[in-house]
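Novice: Each chain, written out:
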Amino acid sequence: MPDLTIPGYTVVHEKPRSFYPVCERKPEMQHQTHYCPGCGHGIAHKLIAVAIDELGIQDRTVLISPVGCSVFAYYYFDTGNIQVAHGRAPAVATAVKRSRPESIVIAYQGDGDLAAIGAAEILHAANRGEPITVIFINNGTYGMTGGQMAPTTLIGQTTTTTPFGRNVWNEGYPLHVSELLASLEAPVYVERVGLGSNKQIMNAARAVRRAIENQVKGLGFSLVEILSPCPTIWKMNPVEAQRRVLEETVKTFPLGQFRDRTKSAPARPAAAPVPLFAEIPAILGLANGASPAAKTMRSGETIDWRVRVAGFGGQGVLMLGEVLAEAGLDAGFEVSWLPSYGPEMRSGTSNCHVRLSSKPIDSPLVLHPNVLLAMNEPSLRKFLAPVEPGGWVFYNGTEIPQGCAGRLDVHFIARPFAEIAGNAGDARSANMTMLGALLEATGMLAEERVLAALRRRVSSGHWLEVDRRALDGGREAVTKGVRHES
Amino acid sequence: MTTPDRGLVLIDSEECKGCALCFEACPPKVLRFGELLNRYGYRSAAYAGAGCTGCGICFFACPEPGAITVLRREGRVCQNN
Numbered sequence: 000m001p002d003l004t005i006p007g008y009t010v011v012h013e014k015p016r017s018f019y020p021v022c023e024r025k026p027e028m029q030h031q032t033h034y035c036p037g038c039g040h041g042i043a044h045k046l047i048a049v050a051i052d053e054l055g056i057q058d059r060t061v062l063i064s065p066v067g068c069s070v071f072a073y074y075y076f077d078t079g080n081i082q083v084a085h086g087r088a089p090a091v092a093t094a095v096k097r098s099r100p101e102s103i104v105i106a107y108q109g110d111g112d113l114a115a116i117g118a119a120e121i122l123h124a125a126n127r128g129e130p131i132t133v134i135f136i137n138n139g140t141y142g143m144t145g146g147q148m149a150p151t152t153l154i155g156q157t158t159t160t161t162p163f164g165r166n167v168w169n170e171g172y173p174l175h176v177s178e179l180l181a182s183l184e185a186p187v188y189v190e191r192v193g194l195g196s197n198k199q200i201m202n203a204a205r206a207v208r209r210a211i212e213n214q215v216k217g218l219g220f221s222l223v224e225i226l227s228p229c230p231t232i233w234k235m236n237p238v239e240a241q242r243r244v245l246e247e248t249v250k251t252f253p254l255g256q257f258r259d260r261t262k263s264a265p266a267r268p269a270a271a272p273v274p275l276f277a278e279i280p281a282i283l284g285l286a287n288g289a290s291p292a293a294k295t296m297r298s299g300e301t302i303d304w305r306v307r308v309a310g311f312g313g314q315g316v317l318m319l320g321e322v323l324a325e326a327g328l329d330a331g332f333e334v335s336w337l338p339s340y341g342p343e344m345r346s347g348t349s350n351c352h353v354r355l356s357s358k359p360i361d362s363p364l365v366l367h368p369n370v371l372l373a374m375n376e377p378s379l380r381k382f383l384a385p386v387e388p389g390g391w392v393f394y395n396g397t398e399i400p401q402g403c404a405g406r407l408d409v410h411f412i413a414r415p416f417a418e419i420a421g422n423a424g425d426a427r428s429a430n431m432t433m434l435g436a437l438l439e440a441t442g443m444l445a446e447e448r449v450l451a452a453l454r455r456r457v458s459s460g461h462w463l464e465v466d467r468r469a470l471d472g473g474r475e476a477v478t479k480g481v482r483h484e485s
Numbered sequence: 000m001t002t003p004d005r006g007l008v009l010i011d012s013e014e015c016k017g018c019a020l021c022f023e024a025c026p027p028k029v030l031r032f033g034e035l036l037n038r039y040g041y042r043s044a045a046y047a048g049a050g051c052t053g054c055g056i057c058f059f060a061c062p063e064p065g066a067i068t069v070l071r072r073e074g075r076v077c078q079n080n
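Quick mapping for you: the protein sequence lines, in order, are chains A and B. Here the first sequence is numbered in numbering that gives the first Met the number 0, starting from 0 and rising by one per residue. Here the second sequence is numbered in numbering that gives the first Met the number 0, starting from 0 and rising by one per residue.
Take these hints with a grain of salt, some might be off.
[To be verified] Once the Cα atoms are required to be at most 30 Å apart in a straight line, the calculated DSSO-like pairs of lysine-lysine come out as:
{"no.": "1", "chain 1": "A", "residue 1": "Lys250", "chain 2": "A", "residue 2": "Lys198"}
{"no.": "2", "chain 1": "A", "residue 1": "Lys216", "chain 2": "A", "residue 2": "Lys250"}
{"no.": "3", "chain 1": "A", "residue 1": "Lys25", "chain 2": "B", "residue 2": "Lys28"}
{"no.": "4", "chain 1": "A", "residue 1": "Lys250", "chain 2": "B", "residue 2": "Lys28"}
{"no.": "5", "chain 1": "A", "residue 1": "Lys216", "chain 2": "A", "residue 2": "Lys234"}
{"no.": "6", "chain 1": "A", "residue 1": "Lys25", "chain 2": "A", "residue 2": "Lys234"}
{"no.": "7", "chain 1": "A", "residue 1": "Lys358", "chain 2": "A", "residue 2": "Lys262"}
{"no.": "8", "chain 1": "A", "residue 1": "Lys216", "chain 2": "A", "residue 2": "Lys198"}
{"no.": "9", "chain 1": "B", "residue 1": "Lys28", "chain 2": "A", "residue 2": "Lys234"}
In short, the hints are calculated from the structure, not lab data.
Based on the provided sequences and hints, a complete structural model is requested.
Specialist: Here it is in structure tokens:
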């Protein structure tokens with residue numbers, strides 16, 4: 000920063016310390032932001048930076064940049080920065096605030112970002128009362144992409160997507176975000192300000208500072224909506240655009256405080272301390288606080304099990320896959336588990352893809368399994384063909400259905416697994432008899448890994464015992480070749 | 000009799016984009032276009048040289064992070080009386 004010492008004079012306003020000294024986005028543009036001349040973002044940025052300076056919070060501020068013209072805000076703010084997916088700033092801000100409660104999290108969003116694609120995020124973050132600060136820039140258009148209609152576009156306003164002007168019968172009415180959020184119970188502070196005149200700008204400075212200060216004080220959700228000029232898209236010079244905010248935009252979006260509970264808001268309970276990384280295994284109930292994978296990592300053994308488990312919903316298809324994947328993880332393999340099922344909780348089709356590998360897994364999809372566990376006939380018919388030659392097929396039934404017997408190049412194990420499970424205690428544990436058969440036939444995983452995984456998955460002592468007996472029954476069905484007794 | 004101005008405004012002509020919002024914002028209207036284009040091709044703002052009150056409003060009206068620096072004269076300054 001240049002030395003601006005002039006004898007007899009004191010600097011009263013200068014580039015806030017919360018900005019970087021130079022703009023590093025492009026080497027040839029170090030003195031210039033990427034914004035158009037007269038852009039409201041620049042003023043809003045400055046108000047935020049001044050507030051951060053005044054509150055002395057630069058070293059713990061995290062600014063969440065959106066998608067839109069302000070996507071590059073992180074090139075200007077010398078604070079923590081995260082640039083997030085379109086509209087998702089409140090969700091990311093929530094995560095940052097919850098995992099680092101001492102940080103001051105400012106979500107900076109435009110109207111396309113916040114009010115269109117991110118409408119759900121902002122609504123629910125506000126409704127949860129997340130103690131974050133949201134700065135919402137409302138200029139009534141999608142600036143970066145060339146001036147499409149935004150939810151906040153004024154009635155009659157011409158944009159590239161409303162070439163004849165916004166028509167309420169076709170595009171609806173401008174969305175009043177501040178009013179909408181102020182109808183919720185949780186927000187502490189919601190105010191709409193403008194950048195249309197000196198007076199409005201200084202009022203905006205006060206509101207922005209207050210919204211950030213609320214967070215410093217540990218109060219709840221604060222949002223400032225800033226009516227901002229967009230000279231380029233509005234096809235006006237900067238002074239005309241500013242005047243339009245003052246004279247036109249405010250007619251649709253009246254300025255004012257829609258919620259101010261900064262004095263009456265109850266103190267938020269202190270956030271639970273975030274555990275240290277080293278504490279996480281103990282929290283997850285893993286013995287000795289050590290990661291089982293690290294302890295049991297195998298070496299040298301090359302495996303690549305690609306398992307497809309299929310049946311109807313309620314048969315325990317997904318759980319079978321989960322137990323398999325978890326036991327594999329326990330044994331030190333790379334694993335993946337990908338469920339695929341219809342919307343029905345019961346009786347729809349259900350299947351999952353499980354991979355156990357000694358190498359990193361590129362895709363969790365199992366299109367050509369080397370193990371198929373088919374818990375009913377339709378599943379066998381559907382998934383048998385892609386099973387690799389030499390693979391294993393376990394089928395819950397005694398007779399291989401017509402049309403499926405042609406696969407002589409696979410190991411076929413057809414047993415009445417549901418009946419075996421019924422004999423062992425409960426027919427609903429047929430998934431475990433199939434798992435037992437799989438383990439017995441292939442030696443895929445050691446028994447104790449599977450039992451350990453099962454113990455984590457099944458909380459009921461009764462069902463754990465049923466499942467254990469079912470596992471044993473499945474093993475026996477392979478070794479003794481138990482067949483349907485009829 | 001003249002007294003020294005209460006304020007002084009410095010403009011970084013390389014950062015200024017010549018949007019002219021500060022001309023409008025300045026209460027004593029002592030900001031105007033400068034003579035030359037900066038290296039980016041903008042005709043940047045310039046201080047007329049006298050009349051600044053140091054109010055600082057141009058600083059807030061300016062969209063550029065550091066284009067405007069406002070200074071105030073130290074000590075009490077008597078106006079023309």
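Novice: Each hint needs a verdict: does it hold in this structure or not?
Specialist: Now for the hints, and whether the structure bears them out:
As the CA atoms of Lys250 of chain A and Lys198 of chain A are separated by approximately 17 Å, the hinted pair is consistent with the 30 Å bound. Simply put, Lys216 of chain A and Lys250 of chain A have alpha-carbon atoms about 34 Å apart, too far for the 30 Å limit, and the pair is violated. About 34 Å separates the Cα atoms of Lys25 of chain A and Lys28 of chain B, which puts this hinted pair outside 30 Å; it is violated. Of the supplied pair hints, the one linking Lys250 of chain A and Lys28 of chain B holds, its CA atoms being roughly 29 Å apart against a limit of 30 Å.
A distance of roughly 42 Å separates the Cα atoms of Lys216 of chain A and Lys234 of chain A; the hinted pair therefore is violated under the 30 Å criterion. Among the hinted pairs, Lys25 of chain A with Lys234 of chain A is consistent with the structure: their alpha-carbon atoms are about 26 Å apart, no more than 30 Å. Only pairs whose Cα atoms come within 30 Å are accepted, and Lys358 of chain A paired with Lys262 of chain A is rejected, the gap being roughly 58 Å. Among the hinted pairs, Lys216 of chain A with Lys198 of chain A is consistent with the structure: their alpha-carbon atoms are about 27 Å apart, no more than 30 Å.
This hinted pair checks out: Lys28 of chain B and Lys234 of chain A have alpha carbons roughly 26 Å apart, not beyond 30 Å.
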